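> Chain residues, written in single-letter form:
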Amino acid sequence: MTAALKVVRAGLFDTLQDLGRMGFMALGMPTAGAMDRVALTLANALAGNPANTAGLEIGVMGPDLLVEADSVRVALVGPLSPTLIDGPDAPPKPIESDRSHLLKRGQTLKLGMVEGSSTAYLSVSGGFALAPFMGSLSTYPRAGVGGFDGRKLAAGDALPLARDHAAPGDDRKLAAAFDYGAGPVRVVWGPQEDHFSAKGRRTFVESDYRVSREADRMGIRFEGPTIEHAVSVAKGGADIISDGIAPGAIQVPGAGLPIVLMADRQTVGGYPKIATVASVDLPRLGRLLPGQTVRFHAVSVAEAEELRRDQEVRLQRAIAGFVVARPPGGIDLARLYEENLIDGIVYE
Amino acid sequence: MSVRYLSCGDTAFTVEFGNEISPEINGRVMALHAAIGHARKAGDLAGVVETVPTMRSLMVTYDPLATSRADLQPRIDLLIARGLTSGMASRRVTLPCCYDDPEFAPDLAEVAKRTGKTTEQVIAAHLASPFKVYVLGFMPGLAYVAGLEQSLYLPRRAQPRVRVPRSSVAIAMDMTTIYPFESPGGWHLIGRTPLWMFDKRHEQPVFLSPGDSLSFQRIDRKTYDRIARDVESGSFDWTKLVKK
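These protein sequence lines map, in sequence, to chains A and B.
Under numbering that gives the first Met the number 0, the first residue of the first sequence carries the number 0, and numbering increases by one thereafter.
Under numbering that gives the first Met the number 0, the first residue of the second sequence carries the number 0, and numbering increases by one thereafter.
Chain A extracted, bound-state conformation:
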């Protein structure tokens, strides 16, 4: 029998995502990919996978997954509450996020609500045994491609695993929650900041913007003060000849409210883009929930690049600093042997 994780109850919007389908935007193919690159990278590292391995992106509420393999190591990153391991021979046991867990055949991983963020991630050690589409496993449901059958997971799906049992070794966890940073969301002016009046640009960086209910993998619509275009909307001030749309591009259509374009964004578009979210802060955007507010703060391209490099260093440090995860209150025999403490106890 093929090793698999079987979806016994579907969540609300769970798709497989890697770091994106790069290289085909010229053919109109959106990149898709994880909304929170940092969390997926950490989940993969906890599972012992390369960063670009596809994991499960969990939105709002996670699924129940039955282990149909001898064993599997899963890593969870993100605020899931509550998450339980339910087995045939033991009562349901709550488990922590931001660490890996060894699961055995017949156990069910019950992923709860995603709280305080819009996304959480699950990676499996060794990854899923699915064929990439155009070089990537990122799911893009609008074209029905990538991931599992090109769509979000449904009850009855069996996600094939690349390994039928987990490699030996300890479970690991994050030493401390990763610091995504607080304060204003850093943006770089452009590509079309000159399509906005000086007043409009000031409004953009001096106002609070609230995430509306219209926020999904394609884009996040904000509510707040309207941003004035340089030329009146009636005279075409909100139209440009379509050009490429980078991740985090902030387009401002005629209504004057900003829309940040995210993973499933279209490749080209005809609205002026006042600024672009710096890549360091895109994972923060990927975690925003309706009702939360942000302030935008402009930095230069070079500053944004530097911020991203600093974040990568912190991310690699966090991965190098993973610690062995022990069950609370339990004795870690393996560690005791490693440190020669058992010998000491016996012979003293």
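Just to be clear, a hint being listed does not mean it is correct.
Calculated lysine-lysine pairs in the DSSO-like style (CA-CA distance at most 30 Å, straight line) [unchecked claim]:
#1 Lys199(B) x Lys5(A)
#2 Lys234(A) x Lys131(B)
#3 Lys243(B) x Lys199(B)
Derived Cβ-Cβ restraints for the label pairs, each shown as a range [as the list claims (entries may be wrong)]:
#4 Val241(B) x Arg150(A): 27 to 37 Å
#5 Glu213(A) x Gly36(B): 56 to 66 Å
#6 Glu181(B) x Glu213(A): 16 to 26 Å
#7 Gly36(B) x Pro90(A): 39 to 49 Å
#8 Glu181(B) x Thr292(A): 36 to 46 Å
#9 Pro129(B) x Leu288(A): 18 to 28 Å
#10 Arg141(A) x Gly185(B): 32 to 42 Å
#11 Ser234(B) x Ala174(A): 41 to 51 Å
#12 Lys239(B) x Glu95(A): 26 to 36 Å
Derived from the structure by calculation, the hints contain no laboratory data.
In this text the structure is predicted, and so the values were computed from the model without any measurement.
Cβ atoms here follow ideal geometry from the backbone N, Cα and C, with glycine treated the same way.
Let chain A serve as the given structure and place chain B on it in line with the hints.
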């Protein structure tokens, strides 16, 4: 001719060749798209991820952990300075299109009325238009194809349709397009091709490419049905549509 570099955050920038739609400007866009592709194949421009051509600009995306804007922009400048006249070998693509079935061409009569032509004259003008694929976008495989004969220019429909069938051939403004998926749409539907502009069974799922020269070949309903069956079963020979 000078270019403008527009910032798109710290993972992309746009090289803008002009602020109008013209074959000359798009030719330079496509030439730079090709020149960057060649440079990358030769191992240069490390850190560039991909390039996205549009009517008048090229977006270059990059990995800020592998390179930087300050490093890349002079290299792009050098490519432009070396001259972008070489261009690339353009494919000539012929797409079969059935204009005859009212189900395929619900807007043909209205287009004829509004342009003061007979439906046969509308079809002839569409067949005679020297089309060129400028840009793909909005959805995977959707091509903006310019070159429509001027007498057919019409604005988009005042009331877009909620559901346009896949492979509908449509016109609006100075362009034609073929819908790769069933989707909403506001263009005038004047025919349908039995081909799929996006077929995930193919290694290259998107058939058209920016820079393609494109013309339509009129087919009757019987031929349409035959080709449609072959496309559905995967036995259709797509290579015969393309001349280098």
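> Could you grab the alpha-carbon distance between Lys234(A) and Lys131(B) and see if it respects the 30 Å cut-off?
Holds, at roughly 29 Å.
> Does Lys5(A) sit within 30 Å of Lys199(B), going by the straight-line distance between their CA atoms?
holds, 25 Å
> Regarding the pair Lys243(B) and Lys199(B), is the alpha-carbon distance no greater than 30 Å?
holds, 24 Å
> Is 26 to 36 Å respected by the C-beta to C-beta distance linking Lys239(B) and Glu95(A)?
Because 60 Å falls outside the window, the suggested range is violated.
> Quick one: are Arg141(A) and Gly185(B) within 32 to 42 Å, going by C-beta?
violated, 18 Å
> Look at the Cβ atoms of Ser234(B) and Ala174(A) and judge whether their distance stays inside 41 to 51 Å.
violated, 58 Å
> Between Gly36(B) and Pro90(A), does the beta-carbon spacing fit 39 to 49 Å?
violated, 59 Å
> Lying within 36 to 46 Å: is that true of the beta-carbon distance Glu181(B) to Thr292(A)?
holds, 38 Å
> Regarding Glu181(B) and Glu213(A), is the given constraint of 16 to 26 Å on their beta-carbon distance met?
Holds, since Glu181(B) and Glu213(A) (Cβ atoms, about 23 Å apart) stay within the stated range.
> Would you say the C-beta atoms of Val241(B) and Arg150(A) sit inside 27 to 37 Å of each other?
Holds - the Cβ-Cβ distance for Val241(B) and Arg150(A), about 32 Å, lies within 27 to 37 Å.
> Honestly, do Pro129(B) and Leu288(A) meet the 18 to 28 Å range at C-beta?
Check failed, 51 Å falls outside 18 to 28 Å.
> Just tell me: holds or violated, for the beta carbon distance of Glu213(A) and Gly36(B) against 56 to 66 Å?
Check failed, 37 Å falls outside 56 to 66 Å.
Violated hints, listed in ascending order, are 5, 7, 9, 10, 11, 12; each of the other numbered hints is respected by the structure.
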